[in-house]
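Enquirer: Guided by the hints, dock chain B onto chain A, whose structure is given.
So the sequences go chain by chain: A and B. For the first sequence, the working numbering puts the final residue at 114, and the numbers step up evenly by one. For the second sequence, the working numbering puts the final residue at 224, and the numbers step up evenly by one.
Worth flagging that the hints you see were computed from the coordinates, not collected in a lab. Nothing here was measured: the structure is a model prediction, and the numbers come from that model. Every residue gets a Cβ at the ideal spot worked out from N, C-alpha and C, and that includes glycine. Take the hints with a grain of salt, since some may be wrong.
[As the list claims (entries may be wrong)] Cut-off 25 Å, straight-line C-alpha distance, at most; resulting in silico cross-link-like pairs (DSS-like, lysine-lysine):
1. A/57 with A/102
2. B/129 with A/102
3. A/102 with B/136
4. A/102 with B/187
[As the list claims (entries may be wrong)] Not everything, but these chain B residues come out facing chain A in the computed CB check (under 10 Å):
5. 150
6. 159
7. 212
8. 213
9. 216
10. 222
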Amino acid sequence: KAGVTQTPRYLIKTRGQQVTLSCSPISGHRSVSWYQQTPGQGLQFLFEYFSETQRNKGNFPGRFSGRQFSNSRSEMNVSTLELGDSALYLCASSSAVSTNEKLFFGSGTQLSVL
Amino acid sequence: AQRVTQPEKLLSVFKGAPVELKCNYSYSGSPELFWYVQYSRQRLQLLLRHISRESIKGFTADLNKGETSFHLKKPFAQEEDSAMYYCALSYAGNNRKLIWGLGTSLAVNP
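One chain only, chain A, in its complex shape:
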């Protein structure tokens, strides 16, 4: 099986712009979660989608949004970018059969906001 695929691998944006990141989960996985990783804050949960519905949400401002398509692919959007949004954004998928389901991570998208 192909692993979780995130595109693009790297992004450079300027303040005020918006950005869309993409995540293709492992075939058959219906749950997609997004995380922000920074050196100071570590891994922080953004949100989780399951069957096109947001099932769980972290403590991020409304500028961070996402969606999931019928094929389970997910996108994350950040509007009005701020310097502090510079981070590695990780996507993880799982089959979501049980609550302690194993997460499979992508390689991430490294976002730099200038």
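Expert: For chain B alone, coordinates are given in the frame of chain A:
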């Protein structure tokens, strides 16, 4: 608020020595705890979860509710164990909203 603490940012041991990576959590109920590992240039991946009570690559971790800890242990470290290790917490009603520690970088020296 629920929190996961990994007190050591960096842990350095010699090959063959025992290793213990500490993880403490704050949650009063029944948690689900995980250890994830990231080897150099590889993706973050699950190492083990407490509910499985398994040993993976020689590593074990026991949930101690009294001490609210989930330390990762291996009796004889190998050079290939060098990696970044993350402890994570989930709990009923929180589903996939994993709460992560900041990670411990383990260096196993020859």
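Enquirer: Hints first: check each against the structure and report whether it holds.
Expert: Each hint, compared with the structure:
1. Straight-line distance between C-alpha atoms of residue 57 of chain A and residue 102 of chain A comes to about 19 Å, which keeps the hinted pair within the 25 Å bound.
2. Distance restraint check for residue 129 of chain B and residue 102 of chain A: the Cα-Cα separation of roughly 29 Å exceeds the 25 Å cut-off, and the hinted pair is therefore not satisfied.
3. Taking the CA atoms of residue 102 of chain A and residue 136 of chain B, the gap is about 21 Å. The hint holds against a cut of 25 Å.
4. This hinted pair checks out: residue 102 of chain A and residue 187 of chain B have alpha carbons roughly 20 Å apart, not beyond 25 Å.
5. The interface hint given for residue 150 of chain B is met, as the beta carbon of that residue sits about 8 Å from the closest beta carbon of chain A, less than 10 Å.
6. Because the beta carbon of residue 159 of chain B sits about 7 Å from the nearest beta carbon in chain A, less than 10 Å, this interface hint is met.
7. A distance limit of 10 Å between C-beta atoms decides the matter here; for residue 212 of chain B the minimum to chain A is near 6 Å, and the interface restraint holds.
8. For the restraint placing residue 213 of chain B at the interface with chain A, the shortest Cβ-Cβ distance is roughly 7 Å, inside the 10 Å limit, so the hint holds.
9. For residue 216 of chain B, the interface hint holds, since its Cβ comes within 10 Å of a Cβ in chain A; the closest pair sits about 4 Å apart.
10. Among the interface hints, the one on residue 222 of chain B is violated; its C-beta lies about 22 Å from the nearest C-beta in chain A, farther than the 10 Å criterion.
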